[in-house]
Amino acid sequence: MKVVIPLDDTGADLATVGGKGASLATLARAGLPVPGGFHITTEAYRAFVADFREETLAAAAAGDAERIAALFAGRELPEPIAAEIRAAHAALGDDVPVAVRSSATAEDLPGMSFAGQQDSFLNVRADELLDAVKRCWASLWNSRAIAYREQNGVPHDDVALAVVVQELVDADAAGVMFTADPVTGAHDRTVINASWGLGEAVVGGHVIPDTVVVSGAAVVEERTGDKTVMTVRAPGGTREEPVPEDMRRAPVLSGAQALALAELGARVQALYGTPMDVEWTMRAGTFALVQARPITASGSRVEEWNDSLKRDYLWTSGNLGEAIPDVMTPITWSFVRLFINEAMSASALPGFDLVGNIGGRFYMNLSIAVSVARALGMGSRLGAIEQVFGKLPPGLDVPPLEMSRWQIITTVVPLAVRRRRRVRASLGGMRAFLSTSLERCEELRAAIRSTSSAPELAGLWSRAVEPHFRTACRMLEAAGRQDGGTLVLTRGSLRKLVGETDADAILTGAGGEGELASLGLITGLGRLASGEITRETFTRLYGHRGPHEFEVSVPRPGEDPAWIDAQLAGLRDTRADADVLLARQREAREEAWARFARRHPRREAGMRARVARWAGVVRDREATRSEVIRAFWVLRDFVLRAGELTGHGDDLFHLYLDELLALLRGDATPLERVPVRRATYEMYAALPPYPTLIVGRFDPVRWAADPGRRADVHDARGAVPPAVDTVTGFPGAPGVVEGVARVIARPEDGERLQPGEILVTTLTNVGWTPLFPRAAAVVTDVGAPLSHASIVARELGIPAVVGTGNATTRVRDGDRIRVDGARGTVELVGHP
Numbered sequence: 001m002k003v004v005i006p007l008d009d010t011g012a013d014l015a016t017v018g019g020k021g022a023s024l025a026t027l028a029r030a031g032l033p034v035p036g037g038f039h040i041t042t043e044a045y046r047a048f049v050a051d052f053r054e055e056t057l058a059a060a061a062a063g064d065a066e067r068i069a070a071l072f073a074g075r076e077l078p079e080p081i082a083a084e085i086r087a088a089h090a091a092l093g094d095d096v097p098v099a100v101r102s103s104a105t106a107e108d109l110p111g112m113s114f115a116g117q118q119d120s121f122l123n124v125r126a127d128e129l130l131d132a133v134k135r136c137w138a139s140l141w142n143s144r145a146i147a148y149r150e151q152n153g154v155p156h157d158d159v160a161l162a163v164v165v166q167e168l169v170d171a172d173a174a175g176v177m178f179t180a181d182p183v184t185g186a187h188d189r190t191v192i193n194a195s196w197g198l199g200e201a202v203v204g205g206h207v208i209p210d211t212v213v214v215s216g217a218a219v220v221e222e223r224t225g226d227k228t229v230m231t232v233r234a235p236g237g238t239r240e241e242p243v244p245e246d247m248r249r250a251p252v253l254s255g256a257q258a259l260a261l262a263e264l265g266a267r268v269q270a271l272y273g274t275p276m277d278v279e280w281t282m283r284a285g286t287f288a289l290v291q292a293r294p295i296t297a298s299g300s301r302v303e304e305w306n307d308s309l310k311r312d313y314l315w316t317s318g319n320l321g322e323a324i325p326d327v328m329t330p331i332t333w334s335f336v337r338l339f340i341n342e343a344m345s346a347s348a349l350p351g352f353d354l355v356g357n358i359g360g361r362f363y364m365n366l367s368i369a370v371s372v373a374r375a376l377g378m379g380s381r382l383g384a385i386e387q388v389f390g391k392l393p394p395g396l397d398v399p400p401l402e403m404s405r406w407q408i409i410t411t412v413v414p415l416a417v418r419r420r421r422r423v424r425a426s427l428g429g430m431r432a433f434l435s436t437s438l439e440r441c442e443e444l445r446a447a448i449r450s451t452s453s454a455p456e457l458a459g460l461w462s463r464a465v466e467p468h469f470r471t472a473c474r475m476l477e478a479a480g481r482q483d484g485g486t487l488v489l490t491r492g493s494l495r496k497l498v499g500e501t502d503a504d505a506i507l508t509g510a511g512g513e514g515e516l517a518s519l520g521l522i523t524g525l526g527r528l529a530s531g532e533i534t535r536e537t538f539t540r541l542y543g544h545r546g547p548h549e550f551e552v553s554v555p556r557p558g559e560d561p562a563w564i565d566a567q568l569a570g571l572r573d574t575r576a577d578a579d580v581l582l583a584r585q586r587e588a589r590e591e592a593w594a595r596f597a598r599r600h601p602r603r604e605a606g607m608r609a610r611v612a613r614w615a616g617v618v619r620d621r622e623a624t625r626s627e628v629i630r631a632f633w634v635l636r637d638f639v640l641r642a643g644e645l646t647g648h649g650d651d652l653f654h655l656y657l658d659e660l661l662a663l664l665r666g667d668a669t670p671l672e673r674v675p676v677r678r679a680t681y682e683m684y685a686a687l688p689p690y691p692t693l694i695v696g697r698f699d700p701v702r703w704a705a706d707p708g709r710r711a712d713v714h715d716a717r718g719a720v721p722p723a724v725d726t727v728t729g730f731p732g733a734p735g736v737v738e739g740v741a742r743v744i745a746r747p748e749d750g751e752r753l754q755p756g757e758i759l760v761t762t763l764t765n766v767g768w769t770p771l772f773p774r775a776a777a778v779v780t781d782v783g784a785p786l787s788h789a790s791i792v793a794r795e796l797g798i799p800a801v802v803g804t805g806n807a808t809t810r811v812r813d814g815d816r817i818r819v820d821g822a823r824g825t826v827e828l829v830g831h832p
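Going by our numbering, the residue at position 763 of the sequence shown is 763; the numbering climbs one at a time, nothing skipped.
Simulated from the structure, these hints should not be mistaken for laboratory data. Heads up, the beta-carbon is just placed ideally off N, CA and C, and yes, glycines get one too. A couple of the hints might just be wrong.
Estimated spans, in silico, between C-beta atoms of each pair [said to hold, decoys possible]:
1) Pro350 <-> Gly616: 26 to 34 Å
2) Gly31 <-> Glu672: 23 to 31 Å
3) Glu748 <-> Arg702: 24 to 32 Å
4) Ala416 <-> Glu241: 57 to 65 Å
Whole structure, please, built from the sequences with the hints as guidance.
Next comes the structure, spelled out in C-alpha cells:
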C-alpha cells in the first residue's frame, strides 16, 4: 500500500490522489510554480475506514453527518500510516507550516467542481498534522458533501478522499484567476481577482477584491475593491484582521504583475486544453499556484485551441499548412506535433513554438526563421524563405524572438552541428528505408488488426508503431536537408542565367525515368483506368495519398471505392492526358537546355550536374514524404483499432495521444473530455479557412463573423496594408492562358472543373493532383515556388500563379481571366 507519494509523482492520478491532487501533480510536472508537498493517497483513506465503512454508508443514507464525524474522531491512525505521514512532513523541513487540503475522487470534474464541499486546514504544524488529515477525511461525509453528491447523482460508495499536504505560502496577496471570462465565457479575457493576505478571504467571499482583466497581452480593465479584511496566519491556523487603511483601496497587483500572472494562466490553460479556474498566491512578488480546476460556472461548451494567444509571432499556413489544410482532430494534432519534432527538429529553438495550432489549423512560426536569418547576417536571404513559405506583404514588420543576436547564434550553431550528424546518419539508411517501407507498413497494419486487447495494442505502439513513424519522419528531414540549400538556390541561379520560363522548364523531369511521388495519383489512376494494374494494386501503391492525408479521422482513398470511382469518371482518359502533358514538357525542357548551351557553353556541364542534384533532392523529398503519409495510414489504423478494442469508436479521434495511450492502459478519465472536444472541433471546422499570415493574437470566431475579413493577412497590431484589387502572386509555372475561372473550395467538388477551365482555389496538395490535367491553368491564394501547386504544374507544363492571397475573393466563379505564369499575374477579362 502506498500511503504517501511525491507531489509530482507520475502515478498521481484521479483514483490515487483525487481531483485536486491530480491537478496539482499535473501543474508540478509541467514545471509551473507549485509549493512543495506530498499526497496522502486514497489507499491510506480506505485502509483507515475499512473497519467502519458500512456504518459510514448507512449513516450517509440516513443523512446523519454528525454520526460519521464521531466515527472518524474516535479512531486513531494506524501507526504505519501515521509514521509515513510524519516522515514525509519532516522531509519538507523543520516543522514547516503546511496547508492540508482534501482531494476527493469525485472532485474538479467537468461540469462538477465540488469546490468547498470538503474541508481544508491552513498553518498546520507537525503536532496537529495527523488530526488535520483525519478531519479532512471526515469532511468527505459532512452534510454539504453528502447533499452535493446526491444532487449530482454520484454514489456515496464510489468516492474516496486523498489529502494534499503543501508548504503554506505566507502570502502578501492571493486570489483567483479565470482564464476565460466566467460571466460571458469570452476566451480572450483573463479575469483576475486579488486581495491582501491569504486567499481564503477571496474564495470565501469575505471581501470585494480587485478585478483586473487582461486581453491581448494588455490590461484592459481595472476595478479596485474595498478590501476591508484579510486572512493571515495565526497560532493554530488563521484569522481575519482589518486591512490597514492605506491598503484598503490600493491596487494589489501592478500592471506588470497582472500580465505575468495571466501568462501563468495561459500556460495552465494550454496544459489542460480548457479554460481554468486557478487559485494563486504572491509572496515578495513571486507567484505560486495552489489549485486549478476547469471553469464550470460559465457553462463553457468548448475549449480554445489557439497558440496565437501565447506571444506575438508571425504565423504562416504556407508550405506544410497546404499539406495539412483541415481543422485537425486532437489525435491528429498529436501525431503532427510528433512528426514536426522529428522531421524539423533542427529548425526548432528551445523555448519557442516552431508550430502552432490556431483554431484547429496548422501554422508555422515564421518569426523563428526570420530572427535566425537576421542574427546570422543573412537578412538578404529572406527571399529564400519566401520561396518556401510565400510572400510577405511589403512593410510587414516581423515580430522578433525574445532573444539577443548572441543568444540566437550560440543556440543555433550547436543545433546545426547536431542536425548535420543526424542527417548524415539518416541518409545512410534512406535507400534501405525507402525499399522496405511499404512492406513494413503492411506488416504493422496487419499486426494492429491482430491485437486482441487494449494493453496489447498499447505495447505494439511503443514497440513497433512509434519507432517506425519516427524513423519515417527523420528520413524526410534528411531528404530535405541534404545538399544544403539546393532546392532554393538552384532555381534562383538558373533564373539569373536564362530567365523564368527556361529555368522552370529545365527544373522539370525530376522523376527521371521513375515516378515523382507528387504525380503518383495521376499515373496510378491512369494505370488503373487502362487495366495495367488492379484496384488492389492501386490501393497498395497509391491508396495512402489524398487531399486529407494527414487527418487520421478521414478515410484514405484506398479505403473509399467511391473516391476512386469519382476520380476515374472525372479524369476520363487521365493517362493519355498526363502522358501528353509530360511529353510536351519533356520537349520544352530539351529546348531550354539547348538555349542554355548556346548562351553559356562553358557552364552547361556544371549546371547539368547541379540540376541533377536538385532533381535527386526533389525525388528523395517527395518519396520520403509519401512514406511518411503511408505511416499516417498506420496511425489511422491504430486509432481505429483502439476504438474497436475499447468500444469507444470515433470518440478516440478527440483524445490526444497521451490520453489515448492512458485509455488503452486502463484509465478512462480522458473520455470525459470527448463531448467538449467534439463540440470544439465542429465549431472550428464550420469556419472558413483563416488568413495565410497571422501576426499576434487572432480570434477565429470573431474574424469569421467580420464581413470585411481578409483571407491573406491578419495583424493584431492594426498595421495591415490596404487590400488590393489586382491579383498577383509568385510565378508558379510559365505560360499564358485565357479561359473561364472555376473557383473550387474543396477537391471533393472537382467535378465542377471542366477540361480547359482555370482552377482557382485557396491551396492545393497531392489530393488535388488528379484535377490538374483538366485545368488550363492553376491559381491559388496560398503557395510559393516550392509548394505543391508549383511543382506539379511545372512538371505538367500547366501555367500557374501561386500565393496570390486574394484570388478566391477577387475572381468570381465563371469569370473570364488571363493567367500569366511567368509574370505571376491574373487579369480579369470579363464577367459571365
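Comparing the hints with the structure gives:
As the Cβ distance of Pro350 to Gly616 is approximately 33 Å, the hint placing it in 26 to 34 Å holds. Taking 23 to 31 Å as the suggested C-beta distance range, the pair Gly31 and Glu672 conforms, at roughly 25 Å. In this structure, Glu748 and Arg702 meet the distance hint of 24 to 32 Å, their C-beta atoms being roughly 28 Å apart. Between Ala416 and Glu241 the CB atoms are about 60 Å apart, so this pair conforms to the stated range of 57 to 65 Å.
Consistency note: the structure conflicts with none of the earlier hints.
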